[in-house]
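Peer 1: Throw the hints in and build the complete structure from the sequences for me.
If you read the sequences in order, they're chains A and B.
Count along the first sequence from 1, add 83, and you get the number used in this note's numbering.
Count along the second sequence from 1, add 83, and you get the number used in this note's numbering.
Everything labelled a hint here was simulated from the structure, so no lab data went into it.
C-beta atoms are modelled at their ideal positions from N, C-alpha and C, and glycine is treated no differently.
Keep in mind that the hints are not guaranteed to be accurate.
[What the hints assert, rightly or not] Calculated pairs, EDC-like style, for lysine to aspartate or glutamate (alpha carbon to alpha carbon, straight line, at most 20 angstroms):
| hint | chain 1 | residue 1 | chain 2 | residue 2 |
| --- | --- | --- | --- | --- |
| 1 | A | K354 | B | E394 |
| 2 | B | K395 | A | E383 |
| 3 | A | K395 | B | E428 |
| 4 | A | K307 | B | E94 |
| 5 | A | K111 | A | E383 |
| 6 | B | K354 | A | E394 |
| 7 | A | K111 | B | E94 |
| 8 | B | K307 | A | D157 |
| 9 | A | K395 | B | E394 |
[Said to hold, decoys possible] Calculated from the model, a selection of chain A residues having no Cβ within reach of chain B, i.e. all distances over 12 angstroms:
| hint | residue |
| --- | --- |
| 10 | E162 |
| 11 | G169 |
| 12 | E171 |
| 13 | Y193 |
| 14 | A253 |
| 15 | E258 |
| 16 | G380 |
| 17 | P404 |
| 18 | E411 |
| 19 | N495 |
Number of protein chains: 2
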Amino acid sequence: MRIEVLCTGNELLDGSVLDTNAAYLADKTFALGVPVTRKETLPDELPALVGALRTMCERADFVVVSGGLGPTTDDLTLEAAALAAGVELETDPSIVEHLKALFARRGFTYTPNNERQARVPRGGQAILNPFGTAPMVALRIGRADCFLLPGVPREFRGLFDQEVLPRLEAKLAAEPRRVHRAARTLKVFGIGESLLGSAVAELPAKHPHVYFGYRAHAPETHLKLLAEGSIAEEASARLAAAEVDVRPILGDRLFGFDKEELPAIAVAALKATGGTVAMAESCTGGLCASLITSVPGASEVFVSSAVVYQEKAKTQLLGVPTELVAREGAVSAPVTRALAEAARERAGSTFGVAITGWAGPTGGTEADPVGTIYVCLTDGRTAVERRRVYRFDRERVRLFAAYLALDLLRLNARGIQK
Amino acid sequence: MRIEVLCTGNELLDGSVLDTNAAYLADKTFALGVPVTRKETLPDELPALVGALRTMCERADFVVVSGGLGPTTDDLTLEAAALAAGVELETDPSIVEHLKALFARRGFTYTPNNERQARVPRGGQAILNPFGTAPMVALRIGRADCFLLPGVPREFRGLFDQEVLPRLEAKLAAEPRRVHRAARTLKVFGIGESLLGSAVAELPAKHPHVYFGYRAHAPETHLKLLAEGSIAEEASARLAAAEVDVRPILGDRLFGFDKEELPAIAVAALKATGGTVAMAESCTGGLCASLITSVPGASEVFVSSAVVYQEKAKTQLLGVPTELVAREGAVSAPVTRALAEAARERAGSTFGVAITGWAGPTGGTEADPVGTIYVCLTDGRTAVERRRVYRFDRERVRLFAAYLALDLLRLNARGIQK
Chain A
84 MRIEVLCTGN ELLDGSVLDT NAAYLADKTF ALGVPVTRKE TLPDELPALV GALRTMCERA
144 DFVVVSGGLG PTTDDLTLEA AALAAGVELE TDPSIVEHLK ALFARRGFTY TPNNERQARV
204 PRGGQAILNP FGTAPMVALR IGRADCFLLP GVPREFRGLF DQEVLPRLEA KLAAEPRRVH
264 RAARTLKVFG IGESLLGSAV AELPAKHPHV YFGYRAHAPE THLKLLAEGS IAEEASARLA
324 AAEVDVRPIL GDRLFGFDKE ELPAIAVAAL KATGGTVAMA ESCTGGLCAS LITSVPGASE
384 VFVSSAVVYQ EKAKTQLLGV PTELVAREGA VSAPVTRALA EAARERAGST FGVAITGWAG
444 PTGGTEADPV GTIYVCLTDG RTAVERRRVY RFDRERVRLF AAYLALDLLR LNARGIQK
Chain B
84 MRIEVLCTGN ELLDGSVLDT NAAYLADKTF ALGVPVTRKE TLPDELPALV GALRTMCERA
144 DFVVVSGGLG PTTDDLTLEA AALAAGVELE TDPSIVEHLK ALFARRGFTY TPNNERQARV
204 PRGGQAILNP FGTAPMVALR IGRADCFLLP GVPREFRGLF DQEVLPRLEA KLAAEPRRVH
264 RAARTLKVFG IGESLLGSAV AELPAKHPHV YFGYRAHAPE THLKLLAEGS IAEEASARLA
324 AAEVDVRPIL GDRLFGFDKE ELPAIAVAAL KATGGTVAMA ESCTGGLCAS LITSVPGASE
384 VFVSSAVVYQ EKAKTQLLGV PTELVAREGA VSAPVTRALA EAARERAGST FGVAITGWAG
444 PTGGTEADPV GTIYVCLTDG RTAVERRRVY RFDRERVRLF AAYLALDLLR LNARGIQK
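Peer 2: Below, the structure written as structure tokens:
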């Protein structure tokens, strides 16, 4: 099964916009065991689009086009598909009616150029778009099942999941000598890609039908397992067997699977125990709080964070004694612990977490160079502390520091583990 | 001048990695007035790479390949280029020596597979890589000047700027009927792409040699101006004339140019006046502080932010009276103002800024539905307030709210403008 993707739009070729649709699609098809075999990105120019579509639809079984379905004269995907298929474009009156009703509901003016979005290459099937305006189109071109999707990421993703993925699954299921696949991504924090690779180095030979893929998604590291079998159960069993061997090696560095994210997992761990947390952040400057509060419903478990960036703020907001800061230094284990305790006490929360450190590019001491991070988690009786030295740039040091705190919270949400 | 880009690597096609190299390159060449005309992304498979390179080098004047220069058998770009050019691959002993010395300096073991990185297609020029290990290669294939660059973004960017861009500029300068270009991106906050387009709708006709491009980079909107002329001075003059007409329309919504970012501009505005700021954030949950503190040197102007997420935290950290919160609601103009004033007083800063709102997906009231944001900036005597209703998802509402606060800070850093 060959899958190709055509991304259209001048904005993808002038450095304005990163294409995320193809990566979204690739991630989904990879999980079915079908990596994308080729991607092309073209400007809004009809001859190039027609030529590329024709070639792709001769070469591939499944072609997805992103973008170019809007109402302006720059939107050329429908024309290109009709020319590549050698058919006429026809206006579908039922779609015109649908668009007019949609505009009326939203209180927008329906202008004639919107009729461009109601055209369908003859023989194609228009599918209404519940995530936006322009319908998507499914049609056969050459030997390929071809899908034309809007380029707006939200619309692309919604329609891809809802309409394209089931058709791809059905096509895979109908393959005469079908290989069945099962995939899972294991996500860890605190171990790099190459160390992870060496840690599980013996396993690929033991599991010949499982692909082991390592990826750095800083600050996370991902291990992708993709198993093949002649029936679905065989693929799942092989995946499960590999995972059984992998998990003891990952240990508690494994925080989640597939699309799970550490902030949401930390929030869920607290919700499960009824715990709450208050924070104090210095070098991360609110990043850790921002990650937690990006999770809908975080307000159930997250009380507050005092972003005590300047030294005096540690006293102003949390009452940490100036003598302690002067004696130990603002970046130190004792000050970090005092901040965690003060944050917890003010908030009356189950846990207090504090982060201090030197994010760089300047600062640091001989003992604690740029990249040094202190994290402390306390429940009022016990405290766990971490010190790390990250040799990255400012942005990454901040991100790793925030993740270190979130990970500590995840690991200790059921009670502090010394 | 046609520029094409070939990105190689399985990781670009299984959803693991977003390709940022092509966008980096496109942004740079666009500024020279030469948009990328085509981009292809291929897995590490030799026949496909050779075929694509041949086609590209027949079609384009300038071809850049990203990736596939490493030491493993998956790294096929040198083989592909040699086959496409119809020449042999030769090992360059001076590069072997260079690599051995490099490994010794870093304390790494030099293994024989590293010799793969010392091969050069006959007639090509290897250029040492000060940003990493694998050298880049420049060679002629078909009618194109072809450049093979490592895929690691830091190495790609460094070598592209240092080695490829000057060669492209020289090639452009040597064009017999050369068109000279000058480009600038104007960045605004608080006006959408289509409104911006209508606001300046009269201008493109008045400036026929200037391209007007509109892009939504939520929460920013960008207007790209690209002027052409027969000499460099003519292009610059046309760009300046268009900008003179555009700026009164943008007014003070214009916050920066090209690569400038709003958080850095807000920090610079405060530095220029010696002002400092303390914040209180509710719905943004630390995002605004995180954006400010992502700017190196922010500690000069940014004292603290109290992330008062739960209602009680507003009292615990900043002493806002519970009666006020109970009477007015946590999301309201009076509470937002009280938070800004308390943040400023505790910190003894020039300004206090507060943000409250309903980020969603749940919450809101009839008067203040989900997406409603209050921002207040005070200097202790005067306060400016904003209320906005953003009909976006949680992530975007938070980002727009944080930008609204940063923009207010930028506009009033020299003293509050009523």
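Peer 1: Would you assess whether A:E171, listed as outside the interface, keeps its beta-carbon beyond 12 angstroms of every beta-carbon in chain B?
Peer 2: holds, 28 angstroms
Peer 1: At 12 angstroms, judged by beta carbons, does A:A253 keep clear of chain B as stated?
Peer 2: holds, 21 angstroms
Peer 1: Is A:G169 truly not at the interface, in the sense that its beta carbon sits beyond 12 angstroms from all beta carbons of chain B?
Peer 2: Holds, since 23 angstroms exceeds 12 angstroms.
Peer 1: Compare the distance between the alpha carbons of A:K307 and B:E94 with 20 angstroms, and conclude whether the hinted pair is satisfied.
Peer 2: Cα-Cα ~12 angstroms, so holds.
Peer 1: Compare the distance between the alpha carbons of A:K111 and B:E94 with 20 angstroms, and conclude whether the hinted pair is satisfied.
Peer 2: Given pair A:K111, B:E94 holds - Cα atoms ~14 angstroms apart, limit 20 angstroms.
Peer 1: Over 12 angstroms from every CB of chain B: does A:E162 meet that, or does the non-interface label fail?
Peer 2: It holds; A:E162 is separated from chain B by about 19 angstroms at its closest Cβ, greater than 12 angstroms.
Peer 1: Are all C-beta atoms of chain B more than 12 angstroms from that of A:E411?
Peer 2: Per Cβ check, A:E411 is outside 12 angstroms of chain B; nearest 19 angstroms; holds.
Peer 1: Just want to verify: A:Y193 was marked as not at the interface with chain B; is every Cβ pair farther apart than 12 angstroms?
Peer 2: holds, 16 angstroms
Peer 1: Does B:E394 lie within 20 angstroms of A:K395 when you go C-alpha to C-alpha?
Peer 2: Given that 20 angstroms is the threshold and the Cα spacing comes to 25 angstroms, the pair is violated.
Peer 1: Holds or violated: A:K395 with B:E428, Cα cutoff 20 angstroms?
Peer 2: Status holds; Cα separation ~13 angstroms.
Peer 1: Does A:E383 sit within 20 angstroms of A:K111, going by the straight-line distance between their CA atoms?
Peer 2: Not satisfied, since the Cα-Cα distance of roughly 32 angstroms exceeds 20 angstroms.
Peer 1: Given the hinted pair B:K307 and A:D157, is their Cα-Cα distance within 20 angstroms?
Peer 2: holds, 17 angstroms
Checked against the numbered hints listed earlier, the structure breaks hints 5, 9 and 16; every other hint is satisfied.
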